[in-house]
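Chains A and B, in that order, are what the protein sequence lines are.
So the number in this note's numbering is just where the residue sits in the first sequence, counting from 1, plus 921.
So the number in this note's numbering is just where the residue sits in the second sequence, counting from 1, plus 921.
Honestly, the hints are just simulated from the structure, not real lab data.
Incorrect hints may appear among the rest.
Since the list can't tell identical chains apart, any single copy or any two copies may satisfy a pair.
Below 25 Å or equal to it, Euclidean Cα-Cα: the simulated BS3-like pairs (lysine-lysine) are [stated by the list, open to error]:
| no. | residue 1 | residue 2 |
| --- | --- | --- |
| 1 | Lys1054 | Lys998 |
| 2 | Lys1269 | Lys978 |
| 3 | Lys1264 | Lys1054 |
| 4 | Lys953 | Lys1008 |
| 5 | Lys998 | Lys953 |
| 6 | Lys1176 | Lys998 |
| 7 | Lys1176 | Lys1264 |
| 8 | Lys1257 | Lys978 |
| 9 | Lys1243 | Lys978 |
| 10 | Lys1264 | Lys1230 |
| 11 | Lys1243 | Lys1129 |
| 12 | Lys1176 | Lys1250 |
| 13 | Lys1008 | Lys1034 |
Number of protein chains: 2
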Amino acid sequence: MASKLTSREADYSRWYNELVVQADLAQHSDVKGCMVIKPYGFAIWERMKDVLDGMFKETGHVNAYFPLFIPKSYFSKEADHVEGFAKECAVVTHYRLMNDPDGNGVVVDPSAKLEEELIVRPTSETIIWHTYKGWVQSYRDLPLLINQWANVVRWEMRTRLFLRTSEFLWQEGHTAHETSSEAVEEARRMLEVYADFAEQWMAMPVLKGLKSANERFAGALDTYCIEAMMQDGKALQAGTSHFLGQNFAKAFDVKFATRDGGQEHVWATSWGVSTRLMGALIMTHSDDAGLVLPPKLAPIEVVLVPIYKGPEQMEEIVAALKAIADQLKVAGIRVKLDDDDSKRSGWKFAEYELKGVPVRLAMGPRDLTGGTIEVARRDTQTKSFEQAEGIVGHVQNLLEEIQKNLFARSAERTSSTTRSVDTWEDFLEALDAGGFVSAHWDGTPETEEWIKQQTKATIRCIPLDAPEEAGTCIKTGAPSSRRVIFARAY
Amino acid sequence: MASKLTSREADYSRWYNELVVQADLAQHSDVKGCMVIKPYGFAIWERMKDVLDGMFKETGHVNAYFPLFIPKSYFSKEADHVEGFAKECAVVTHYRLMNDPDGNGVVVDPSAKLEEELIVRPTSETIIWHTYKGWVQSYRDLPLLINQWANVVRWEMRTRLFLRTSEFLWQEGHTAHETSSEAVEEARRMLEVYADFAEQWMAMPVLKGLKSANERFAGALDTYCIEAMMQDGKALQAGTSHFLGQNFAKAFDVKFATRDGGQEHVWATSWGVSTRLMGALIMTHSDDAGLVLPPKLAPIEVVLVPIYKGPEQMEEIVAALKAIADQLKVAGIRVKLDDDDSKRSGWKFAEYELKGVPVRLAMGPRDLTGGTIEVARRDTQTKSFEQAEGIVGHVQNLLEEIQKNLFARSAERTSSTTRSVDTWEDFLEALDAGGFVSAHWDGTPETEEWIKQQTKATIRCIPLDAPEEAGTCIKTGAPSSRRVIFARAY
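Generate the whole structure from the sequences, applying the supplied hints.
Laid out in structure tokens, this is it:
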């Protein structure tokens, strides 16, 4: 059994770390920066993956698989990309171990050195575009709409479970198009898919926007993103979708025969979300008692706990709960009946609270006699007694209500901490209060960088729906035509 | 469009290589031994994965994820395991690249050398048992029934798509139990799951048995396996399930408090199947015209092709086929209507034949008038004309029949090429004819090794259901109490 969590107020960062471990979501491994995703955490990720995969397929994408290893030289082909990605990475230099001649276990066999080092993929643009060269000859081969679910590695010195790990799991879409506008349309379509997923499934409101040049993906012309606001006032980038122009097609010489008989380089996008979403989900909804999960992504939506003294009571109550559990299952609800006799009901209550199960049904001897059942909801931590008869309909409605409430609660929090400011002083004050800060910026990388150095705040995005509005940069006073969103971020 | 395949008779190995590439299943990458699994091939693997994952969950297993990298020293802890697995592997020695001081792209940063080298997992027993140490304290924590879907790397010099690649995809189950008998039961249960999957879904008959000591998994006490017979007379190991005893628990010091208050090491199993199953599927059913897929695993079960001259005919016929396609979808059948006007129907026929789509429906102007439809089945390459009315029921029955026919056909082939022999001469003759050879063996690793050196045949398994039968070893004449199965193998 887990010990009590540090409160968010006392130490938000420690609260997060304790929660991830105690709720059985993940743990650090002995391998620097690599995590173990535990079964309960993985079950949540599996739900996310299944839903997203369905959304990708609905929008015409198919899955494939590309090699884990990328020859070092591929990274030299796209100049920006190499700067962004090839630096902190895992490098394979040898392909064999041998028994230590001195008898100390195994050592690297010096004779098994690779001619060219291999990089464990930090992202797969290079190897995929190298492959696409063989797949695309004519406009008839386009578009290519391909996604990959994979593990990737970006060496990190300071890691946090789910938020920043050397190895993480993700999906990466890589598409190839005939025209620039089709590619832009694709990048924006996938941004909408991500935003829908975040809002409809994770119950997490997001801002949609463009990254500034400083924050753009290495090798992209435009990076679209969704940004979410966590409970501690820091933003989290939850997904990105890139318009890559012809950069990778040029780097890997991928041309196609156009409709009018010419030859042109292909237009590209890439887009991805990762196990980082687990961190976003946790930090958006959870509280001092533990994890809070939106029903649509909860591995267990409803847990049923019997309360009894002695084996005879137990048998009757468990039978009654089993009948209800079966009805809930028929209605398509993911349920667990916890009839483990070795643990007390109080222990179970705390355990499922910690694990964020949205609804708990409990039944004791008096309920059995009276035909009632106790219904506890995790989001509000409130309880009610309901008639056991017809409980399925009640639970269905309640799950929908919880899903909506979680979204409404986060949306309210996000909007109430989003501040529009016009002066440097107000900007600093708003940043310290936490939340998104909407402000005018002169559009230069220098100003953005200066602000980052001074305040640790970055431009999270240039909102897609921001109206034109004349103003002056909070720092330089230079004219600006629209506000951008700043925040400190994960 | 693909060119004609080499026939199986002319060159089986070339036929296989051409088929894998031309049917868009996979291709070699520039990275030695690593393959690209193309969307069509990946769709088949995805179906396999979904079905197997469901079977694992039905039997009480959950998924988790463990790190890609394993510290080198972990491999020294289980003596047999290190011999078997730590040798041909990818070794990560550095974690950073830098710009080449001489201006030639990027080079490894010599200052970023890891203190301890990391091995890209060839299998995960070591890191998982290292982790289980923290998860198991008492018998109440047992059993642990965990599976992982992952990529693994075993360095290979001679590779073949799906059959032997340096990187491959697989699942690996790793379970921990209170008693030896529970662990054995688990290993055998998962063998049954694999056999069911092979026979019911892949339509591939398998022998179930135990491996001899020489062929056992490195670190196991017993290795159970399923073995299938390919069309060229060579066997293929399609899945293994290992009873690991307490070897890994001892190596990683995983003990539990027993029911009677003692301390004991945990009992273990591991079991896995990989993308090698794709190779088995291809070689079991396919023919000189291309891939043949069992309907239950086919990404497309039914393709509908219109035959027409001119746009007016086209519109009517496509509309009629669309109505049928919709009905088939409602019946839960995976269909594709190919109304691409840029390709001729003859081209499409050849293409879907090559890709192994089990049933093709074609409709021309005369069919439209007469209310008929042409039905072609891939397994027998036969055609019939059916009433378009009620075609859904006909197709449903046909898909079931094809699934059964494929199994029956492979079972007939396997049994007709399985020979029971009693002399060394007959043994050699049977091996050269191809197929499984059932023979007496004196039970010694030396004899097995000698036979392997002389004939390239190995003991595929000691069948689980083999009756006791007194005999003498085909090689040494020493007494033997049961027959074992030899074959040349992939």
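List of violated hint numbers, smallest to largest: 11 and 12
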